[in-house]
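*Asks:* Sequence:
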Amino acid sequence: MSKEITARSEDYSKWYNDLVLKGSLADYSAVRGCMVIKPYGYALWEGMRDVLDRKFKDTGHENAYFPLFIPKSFLSKEAAHVEGFAKECAVVTHYRLKNDPETGGVVVDPEAKLEEELIVRPTSETIIWNTYKDWIKSYRDLPLLINQWANVVRWEMRTRLFLRTAEFLWQEGHTAHATSAEAIAEAELMLEIYADFAENYMAMPVIRGVKSPSERFAGAVETYCIEALMQDGKALQAGTSHFLGQNFAKAFDVKFSNKENTLDYVWATSWGVSTRLVGALVMTHSDDDGLILPPRIAPLQVVIVPIYKGDDQKVKIDEKVHAIIADLKKAGIRVKYDDSDNQRPGWKFAEYEMKGVPVRIAIGARDLENNVAEVARRDTKVKTSLSLDGLATQISGLLEEIQQQMFDKAQTYRDSHITRADTFEEFERLLDEKGGFISAHWDGTAETEDQIKERTKATIRCIPLNNPQEDGTCILTGKPSVQRVLFARAY
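First residue of the sequence shown: 20, per the working numbering; consecutive thereafter.
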């Protein structure tokens, strides 16, 4: 199977697509720009969703669901918001089809035109804030902490499986607060939840920061982000959390009576991550032989493959394996016993290597006699012989070791690809020869940011939180600067 995968060094983009397709994560669909998420890929997303959902609920958030369709007039109420999403909106104009007598097919019924067009949600701020004005009357109604799991549509012209599709799955949180300080604290809390999830579950190190004004979410006062680095040296925005100020509250007239019994506009946040995280996971860890998945988020953590000749050997192996599976499940380990007889063990080894299952256990008749099993790690491909006594405890420790070592490897790579540049010539050379994050001075203007992007295709990924102050000069204009920011080419 690995021979069917394009090498990263040969064509990184093709390598990524090969892994997504041959690893059974997703497939192309008949709808332009959309994808089919296959069961294995959806199981991976479900695992991410379940962990995040628990973290949201542990911090007081509740799930709700809002309409897929948004009246066009709603998007006009917040100027920056509509400008940010206008070019990506899918618009519903009619509500009925009719038979075409000439072709025998169907056509849009011209008599069924909507009085007001509906936008297929690209994000839900407008429909949600129109609802919140009926839910919020007093400070006693605050904070309002709502999340929804949904799909959204952004009409992308150039799409890539998981990374950028016309329709994708995500969660979007929308909260309302009595004070600016409370809303900012909420935005920062959610950023930390995303960062904790990325690092401790996905084994993907991230840089926490804020976006430059040009890169902020449309309608936000401040956008917080986590930025990860892929193996090709490109950055990927893995999650964002926005402090929206009172912009949407004013646009939709959402006021509350405070403790002094005076009316004020509420303060807002929104935050979200999407199925793009699946793409990030693939590109952070995988190799030329297939996927490599961190144990805490892998749909399957362990697969057991029997090796036998004849039914007598299989009966004995089955008996022992079922006892091992019971112990593994009792330890909370997700395990599969692949005793199907339609493929040889070697084919199964290759299949589970392709799918990135963290640990593979092979047990044969001789292993039973010696009371051992062959245990192979997917990340390093190291094989060891472990005693069948207390195997579940050993596997639990091994999975934790794999999780930590995958993070350490990714962090070492990331840290070795954060490089300082003091001149524009050095900046361009590093981007072309090394990639990664380039730490450089910037004069703070959108004009300079645009010029750098136009000349190098690199953008300001973030201004790191608690960024040290340092006097310097902008790499492009030579104007004074008080801090370095992180540039990179990005997905």
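Just to be clear, a hint being listed does not mean it is correct.
Pairs of lysine-lysine residues, derived as DSS-like cross-links and limited to a Cα-Cα distance of at most 27 Å, are as follows [as the list claims (entries may be wrong)]: (1) 402 <-> 339; (2) 269 <-> 253; (3) 367 <-> 335; (4) 476 <-> 41; (5) 339 <-> 428; (6) 453 <-> 253; (7) 156 <-> 132; (8) 33 <-> 339; (9) 253 <-> 33; (10) 328 <-> 253.
Cβ-Cβ distance ranges computed for the label pairs, FRET-style [unchecked claim]: (11) 403 <-> 58: 51 to 57 Å; (12) 405 <-> 451: 44 to 50 Å; (13) 403 <-> 82: 50 to 56 Å; (14) 72 <-> 405: 57 to 63 Å; (15) 88 <-> 393: 51 to 57 Å; (16) 183 <-> 282: 39 to 45 Å; (17) 48 <-> 362: 27 to 33 Å.
Derived by calculation from the structure, the hints in this document are not laboratory data. Because the structure is a prediction, the values reported are computed rather than measured. Even for Gly, the Cβ is constructed at its ideal location relative to N, Cα and C.
*Asks:* Which hints, by number, does the structure contradict?
*Replies:* Failing hints, ascending: 2, 4, 5, 7, 8, 10, 11, 13 and 14.
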